[in-house]
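Following the hints, put chain Z in place on chain Y, whose structure we already have.
The chain contents come next:
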Amino acid sequence: MKNPADLTLTEITRALRRRTFSSTELTQWMLERIARWQGVLNAFVRVEADEALAAAKAADRALARGSATGPLHGVPLAHKDMYYVKGKVSECGSKVRKGFVAPATSTALARLAAAGSFRIGALHMSEFAYSPTGHNTYLGPACNAWDRRCITGGSSSGSGTAVAARLVPAALGSDTGGSIRLPAHFCGVTGFKPTNGRVSRANALPLSFTLDTVGPLAVSAEDAGLIMSIIAGPDPLDPMTLGAPPWNMRRTRSSPKRLKIGVPAKFYVDDLEPDVAAALEATIDALRKLGAKISKVELPDQNAVSAAALIVLAVEAASAHAPWLRTRASDYGPQVRNRLQNGLAYSAVEYLEALRWRGPALAAHLDAISDNDVIIAPVSRSVAPTIESTDLGGAPEAEAAIQAITRFMRPVNFLGLPSLVVPAGQSKSGLPIGVQLIGRPFGDEVLIALGRAFQAETDHHRRVPALQ
Amino acid sequence: MPDDISSDRVLANARAARVPLNPDDPGRIARAVAPVAARLAAAKIELPLETEPASFLMVQRREIAP
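Chains Y and Z supply the protein sequences, listed in that same order.
Heads up: the first sequence is residues 10 to 477, going by the working numbering.
Heads up: the second sequence is residues 542 to 607, going by the working numbering.
So here's chain Y without its partners, still in its complex pose:
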């Protein structure tokens, strides 16, 4: 059997259709790999081996009959444990929701199932999707597949490390303040945060109804585009998706020639670790060689945009959790409880001023980037720090540390922009470095096309950790 760890999701779907291996063989291979590495990585919260094998056998029978169900036919996937499946437990990384049985299936998972994939388990996540590191008081930390002493990033911690270790070929994450992009950067995988409104959030755990987005972590940009082609689109259960354009797969294969890419003159380029700065420069050079036109841009005050994002997130998260903060505060981990309580500090007027500013702030951003199609930026100023150095719990310095890790994330969330993170290099210590390509509203497909072109010329996304 060809080693599935060397394949992207797109290549796996082709191999299944060509019967290079069967869905059952693939699922057994994945279950063996999960069993081998789960104790090291803590990537899964549940493995559903029997159900996955039964689904794989059914997929093989259907393929033999010539009745494949869709583009992901026979592919086992796992997702962040916040996407509900009717009748299944979804604990959202928390003690508060221990034993919670979902009353309905999330639209995103229903669409992936309709495309022929099935679930092999559920993945680790930060408690209630409210931490950027991958620490979890209740579950213990997820560990980085490149170095188990390091964080995965969060909150889609299991998604990042599971894809990096090739325990699954792709996984859904969510991004409210960087929760897809940070694990993609720290774990060396491709991550895509879509434009707000592109993917339904229905029957997935909410954190901030203004800022939440659903998107994939995968091996390649092509894989991310494949997942997006399945999960994107209007859903009556999520009003934000109504009126958004349908996914345009043809546009994801367009040439990057003549694309205009802006490089921020400040904020995103201040105080980067040398390895991160070098990866960013190398990526800019590679994109220039692909025919993109590169120029400097002066963005509006990103500190103010980031602060507005923090206020909106803090208040909406506190509002969502207020019933449990009143009655079950001690069931939260200290850091998440503290952060939820932070949302109590702001007045209704302050919250609404921040929220009302969102439209004008986006207009100012679009004015500033002019006709640029893409802005290129780092994801974080450093590679993955250690679990120990970031294990701050409820300590007073935790909030400042979290804001430092998420510094380059929040403007994208506040402005509702799409952003693709592509692996772009490694540090001298062997840890991965990602770069984010930030698009215009609904310019999602342009980012996938650019990512595909970049990955056709580089092999950073093909690197698999040694898992020792």
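Everything labelled a hint here was simulated from the structure, so no lab data went into it.
Where a beta carbon is used, it is the ideal one built from N, C-alpha and C, also for glycine.
Check before you lean on any hint, since a few could be wrong.
[As the list claims (entries may be wrong)] Chain Z stretches covered by chain Y per the calculated footprint, using a threshold of three residues with CB under 8 Å from any CB of chain Y: (1) 554 to 560; (2) 565 to 578; (3) 582 to 588.
Coordinates of chain Z only, in the frame set by chain Y:
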């Protein structure tokens, strides 16, 4: 928006929200959020009277207008 947040204010807000806090919490919360409030206050944002949260959608969807 003020550029400072007091522990008294945090305590009053928490009471209004009916969320109990431990004695040390209001001070801790005030210290955690004050830098954020200060950063936004420094921007001196002035919004037209007519601006509402849904104005964001109008700007966002201009990009896909026919």
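Cross-check of the supplied hints:
1. 554 to 560: Per the Cβ count (5), the hint holds.
2. 565 to 578: holds (count 10)
3. 582 to 588: Satisfied; 4 residues make the cut.
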